[in-house]
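*Asks:* Here is what each chain is made of, one letter per residue.
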Amino acid sequence: MIHSLFLINSSGDIFLEKHWKSVVSRSVCDYFFEAQERATEAENVPPVIPTPHHYLLSVYRHKIFFVAVIQTEVPPLFVIEFLHRVVDTFQDYFGVCSEPVIKDNVVVVYEVLEEMLDNGFPLATESNILKELIKPPTILRTVVNTITGSTNVGDQLPTGQLSVVPWRRTGVKYTNNEAYFDVIEEIDAIIDKSGSTITAEIQGVIDACVKLTGMPDLTLSFMNPRLLDDVSFHPCVRFKRWESERILSFIPPDGNFRLLSYHVSAQNLVAIPVYVKHNISFRDSSSLGRFEITVGPKQTMGKTIEGVTVTSQMPKGVLNMSLTPSQGTHTFDPVTKMLSWDVGKINPQKPPNLKGTMSLQAGASKPDENPTINLQFKIQQLAISGLKVNRLDMYGEKYKPFKGIKYMTKAGKFQVRT
Amino acid sequence: MSSNSFSYNEQSGGGEATELGQEATSTISPSGAFGLFSSDLKKNEDLKQMLESNKDSAKLDAMKRIVGMIAKGKNASELFPAVVKNVASKNIEIKKLVYVYLVRYAEEQQDLALLSISTFQRALKDPNQLIRASALRVLSSIRVPIIVPIMMLAIKEASADLSPYVRKNAAHAIQKLYSLDPEQKEMLIEVIEKLLKDKSTLVAGSVVMAFEEVCPDRIDLIHKNYRKLCNLLVDVEEWGQVVIIHMLTRYARTQFVSPWKEGDELEDNEKNFYESDDDQKEKTDKRKKPYTMDPDHRLLIRNTKPLLQSRNAAVVMAVAQLYWHISPKSEAGIISKSLVRLLRSNREVQYIVLQNIATMSIQRKGMFEPYLKSFYVRSTDPTMIKTLKLEILTNLANEANISTLLREFQTYVKSQDKQFAAATIQTIGRCATNIVEVTDTCLNGLVCLLSNRDEIVVAESVVVIKKLLQMQPVQHGEIIKHMAKLLDSITVPVARASILWLIGENCERVPKIAPDVLRKMAKSFTSEDDLVKLQILNLGAKLYLTNSKQTKLLTQYILNLGKYDQNYDIRDRTRFIRQLIVPNEKSGALSKYAKKIFLAQKPAPLLESPFKDRDHFQLGTLSHTLNIKATGYLELSNWPEVAPDPSVRNVEVIELAKEWTPAGKAKQENSAKKFYSESEEEEDSSDSSSDSESESGSESGEEGDSNEDSSEDSSSEQDSESGRESGLENKRTAKRNSKAKGKSGSEDEEKENEKSKTSDSSNAESSSIEDSSSDSESESESESESESRKVTQEKEKKTKQGRTPLTKDVSLLDLDDFNPVSTPVALPIPALSPSLMADLEGLNLSTSSSVISVSTPVFVPTKTHVLLHRMSGKGLAAHYFFPRQPCIFGDKMVSIQITLNNTTDQKIENIHIGEKKLPIGLKMHVFNPIDSLEPEGSITVSMGIDFCDSTQTASFQLCTKDDCFSVNIQPPVGELLLPVAMSEKDFKKEQGMLTGMNETSAVIIAAPQNFTPSVIFQKVVNIANVGAVPSGQDNIHRFAAKTVHSGSLMLVTVELKEGSTAQLIINTEKTVIGSVLLRELKPVLSQG
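Here the protein sequences come in this chain order: H and Z.
The letter at position 318 of the first sequence is residue 318 when you use the numbering used here, and the numbering goes up by one with no holes.
The letter at position 228 of the second sequence is residue 228 when you use the numbering used here, and the numbering goes up by one with no holes.
Be careful, since some hints might not be right.
[Claimed, not checked] Here are the simulated DSS-like cross-link-like pairs (lysine-lysine), alpha carbons at most 27 Å apart as the crow flies:
id, chain 1, residue 1, chain 2, residue 2
1, H, K193, H, K131
2, Z, K481, H, K337
3, Z, K90, H, K400
4, Z, K72, Z, K125
5, H, K135, Z, K90
6, Z, K520, Z, K481
[To be verified] Label pairs and their computed distance ranges (CB to CB):
id, chain 1, residue 1, chain 2, residue 2, range
7, H, G344, Z, L606, 52 to 58 Å
8, Z, S451, H, L319, 54 to 60 Å
9, H, E306, Z, S403, 46 to 52 Å
10, Z, L221, H, E243, 42 to 48 Å
11, H, S194, Z, Y593, 44 to 50 Å
12, Z, K418, H, R391, 30 to 36 Å
[As the list claims (entries may be wrong)] Not the full set, but computed from the structure, chain Z residues with beta-carbon under 7 Å of chain H:
id, residue
13, G73
14, K74
15, C230
Hints in this document: simulated from the structure, not taken from any laboratory.
Glycine included, each C-beta is placed from N, C-alpha and C at the ideal position.
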């Protein structure tokens, strides 16, 4: 399966290599660099690159390319999914996954990678188990380690890997037992010029942070489970119970995990909580264009819209923009032609507005398309689909846990064509 | 221990060891040690010193730095001797880092690597399974050919390890050894074969991976394990699932016939998807369809379905390709939703999934049509994703949605990403050719694009228009004129070439323009691109042939230019054309046909999807993604015309069952199919040859028997069920003659041997081993047996006489005389080999999480129930009782023994079960017809009834040759249970989960003498088949059982309170049975 892994930063340096079978020379990455050059943008580097003797499968995250070298036929998603899991694990271990952090923790990284794959085949990928095998570095532990000479490697070898619930560590103890669930919904939408919706759908996830002692068995039920059209579960969820009763029954992993992701059935009309009024015009004759956008609330169920940011990739012909926002701050990068406007909260009485002129390259013809506007926003305490958690019960343990459920709606890929 | 020797080294001058190291290094890489890289050397020198130090922290520091070097790809091989010494370090982190180092460099320093081998060999024997596993991991990762035999040995041993985790690592090691030395293949296949039989979910994925790597063509190894793999699949870890699903897809394509038949579409709708195999089969049979899906085929399709909900994209894709390749077409639809869900994932996942969808959408448009909008392009998508989405949109386009799509395309054409815009234009072209209704609209739209400002867009439009016009015999003079004008402005070679070709082809339709174009082109010929030059030559030739008057000279001029062109293609073409069109003495007959040659009707190009040719690759594979056959790609075979024998997948549970029923063999086999697979099967069949083995064999057989039980009872459920079936058989259910005895003896012996070697049972085993059942058990058992013995001893004589003609019956009859010797259920463990014991002890650590396993009944009541009274049965009397054993006919059945007595003075012939009137859901396995029953004779037969955990009455007819008697069996609720062994802790845990609705309780009042432990115990087990749970408190008695059908736990607690009261609590999911049981227990416990 996976022969080797190379970590490459955006400037094309291989800063980490790990081999699970015999060593593959790092010159194999030259093929990757070639492809990278051809692609111009990092995003466009093909995830699968064939070379004469190897195949390079890569993922690009946190400005790092994770390039896996394989030699024989293997389902490409297998490798890609695994690489993503590696990144997730790093993030889980170090908080962020970046080049300096990986370089600083190279030994832990190496140990983790060693446990994750054996002979190129995934061995332990559950972060709960990995954390028992190799303890994530914390400041306290680093200090203790330097003084006492103890190590990050768990001396107690984990039993979770052998148990019926491989995702949960054993012997978990907390003084405060708490279980938090975040229901986060994202609206993916394309809005056309006239403001009508071309496509809109709601994707949701339930992220959980469970810190409970022992082996709790939880059930989570919904008021309106019919809303959920397509779901995918964390392996801990008992599929049969869901099929028969539409109840999520599970023994949770310890700590943070994604319990469920779902798709709200397409029959339900999606309420679009914001509108964008825009007036962007280029004129052939003059080197000045007009630019104006207004963002306002629409169908928000009485909640405020926060964290609004507007970004737009302006056409190449735009040299600069002079704009004045009614609130928030805006920037325009004349190199990448990226306009971004950090709006903040929307006041329904006074919809925020950004207005001004664009200076265009003299002599160049006017761009034939207006830029698309990408929107980000957040609405707290609202699941736009109307999904509601009914109750959460715990079995198997005696204590009373503290339970919390939070709802949030966010913009996913929310685009307004102009 | 090693650090001691190091410290000695240091004391004695410190240099010695270093020198040694240097020497060793320099023999291998002389250039590395001294010379140019003195600074490097210095650095490493200091590392060496740290490694030699006797402080773990210094060593650790050094190792960390070395690992850092390895990570950066720097060469650290010269430190090998210094590092390898630390392989036996007590500090786990140092050890691990040394392992990392070793695996990286052992290949380069083979001799020195050998020094470390003994450490691993020692660790392989460690009582801790994780240490054994990691030793095997590192040992097998050291790629040193010399140690191949050692590796082989280690793998063989590990594959029989008690711990599934070690066995998993053994499976990994197989691949490593195979890549190191392919000559070991045969031996490794043996190990694979053994591991494939493993029932642990941990092992399944890894061993299938090994199978795929070492011997993917040995499909015969899969047969026996096919059903097991299908059933385990959901519980295997996600990576293993992917591998298994891919393997099973290939398997299914070789073993089943194609479900893709005409008319199949309507047959398998969603509804019967969920029905069991039998129903499915019955139904299809009834409808008399020519095609019936093999139940195994169905099993695979059904068991993979839940995995579509996996969070792992690779698993979802694997299931999707399985459905695509092996399920009936009507069912493949369910995968689209899941695949569309994956599109929310990362860019790379999207890329692969979209590629696969693109291939699928060519063949079956309908699947993804409802999700059309999910493929709409966003301006933020990377280009490759955009193109793929566009591709899918094109494939999905039809008359109904084309207008929406074209509107969408209009937006894309204006995109700032010009490459994408160009791709969109291609797409519009394809839509125009595929859907006749919109051809004109598209063409007009494309013509409008010709006035676009962007050159790439215009060029692409020209190319597409050219293709479109070529397809259309209709006149499009206007468009051609328009395009001719474009020649002045457009610079993209392809577009220019296209226009020229178009004009040439239609030169008769635009007679005025064409020569003028040629004139212009002649002027710029030398500065044109090669592609354009060729088209200029073509245009010239065509005009020369149609309009030689105006263009003769021009063409000559161009031909002259072409003659001296730098490009040989153009020179060639020039020469060729000149010969063809310019008549001279040398040119033969060909020039007469020049016009026909040049202006022949040319077939229109097909605008096809680039994904068209990918469908011969299995979806979801690397080869499919690259559209090249990747190394190691295994072709998906075509469906066989006729399915190979499906019985190869049958795994009979009990060899005995076959022997019993020579008459109903076919039937037996059928039902055996449903049984869970048993790995020992092969040994069993070989045993039948050792028939002749005699009494002496039976001695040891008994021992093996009981020992078998004690270990097996406690092993995981599945294990014990099937395993015990054969064991119990001997004891209570059937009677057997000496032949059978000898047989089972040797069989058990072998099993036992194998057990101590293979012992594949999971760790759960050891935990419950200690749970030796209480004394009262053996007592009560011997009681019941002695009773039954009396009856049977008499019969024994008879049957011995009549053995020859009655062999069939005899095998059934003879069991009871076997009883007395085989009683004890939980013998002390001495029969276990000492090594096994040791291993088990070593495992204790990890078994804390083990759960519940079925144990043997602690008490078997002798009470029989009347099935048929002799008066109403015309002399045939029947009694039944519940032997409280797991049923051999099916794991959801309650086993029932029926004793038939002939009280008449005539033979009763052909006793069998007639019509059954079972409530819905109940199933019954009948005994085999009895040919005849002698006067005063009696016979005991066993049958199984699945009561579905209810006390519903099973009515059926007991028939003789002449009469039929309606009889019925209503089970007492206590017999619907099987005792389980569990610890007090587990009991409490389970009880905690079964509160609220699932709990029923009652208060009992009774005299104190009734509340002694033994009385309560006796009373409870008399009523219900439960197992006692060891209790820490004197006043609480706990009993545990599971229901036979659903396996739901049934927990009974009797808590003695002050005074003469007690609290009776029953916790179970099956609340109905729970309350019935409560009602039954309450009076019994309270009475005196």
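*Asks:* All the hints need checking, so say for each whether the structure fits it.
*Replies:* Hint check:
The straight-line distance between the Cα atoms of K193/H and K131/H is roughly 50 Å, outside the 27 Å bound, and the hint therefore fails. Between K481/Z and K337/H, the direct Cα distance comes to roughly 39 Å. Violation of the 27 Å bound is thereby established for this hinted pair. Restraint check: the Cα-Cα separation between K90/Z and K400/H comes to about 43 Å, which exceeds 27 Å; the hinted pair is violated. In summary, the hint linking K72/Z to K125/Z is not supported, as the alpha carbons are separated by about 35 Å, beyond the 27 Å threshold.
Taken as a hint, the K135/H and K90/Z pair is honoured in the structure, with Cα atoms around 19 Å apart against an allowance of 27 Å. As the CA atoms of K520/Z and K481/Z are separated by approximately 15 Å, the hinted pair is consistent with the 27 Å bound. Between G344/H and L606/Z, the C-beta spacing of about 55 Å keeps the proposed range 52 to 58 Å intact. In this structure the hint that S451/Z and L319/H lie 54 to 60 Å apart at CB is violated, the actual value being about 26 Å.
Checking the proposed 46 to 52 Å range against E306/H and S403/Z shows it is violated: the Cβ atoms sit about 39 Å from each other. At about 33 Å, the beta-carbon gap between L221/Z and E243/H misses the expected band of 42 to 48 Å. The given range of 44 to 50 Å is broken by S194/H and Y593/Z, whose C-beta atoms sit roughly 60 Å from each other. Checked against the given bound of 30 to 36 Å, the beta carbons of K418/Z and R391/H, roughly 55 Å apart, lie outside it.
Contact between G73/Z and chain H, as hinted, is supported at the beta carbon level, the nearest pair being about 5 Å apart and thus within 7 Å. Given hint, K74/Z at the interface with chain H, is violated; its Cβ is 10 Å from that chain's nearest Cβ, farther than 7 Å. Violation of the interface hint for C230/Z is found here, the shortest Cβ-Cβ separation to chain H being roughly 16 Å, above the 7 Å cut-off.
Hint compliance for this structure: hints 1, 2, 3, 4, 8, 9, 10, 11, 12, 14 and 15 are broken, all remaining hints hold.
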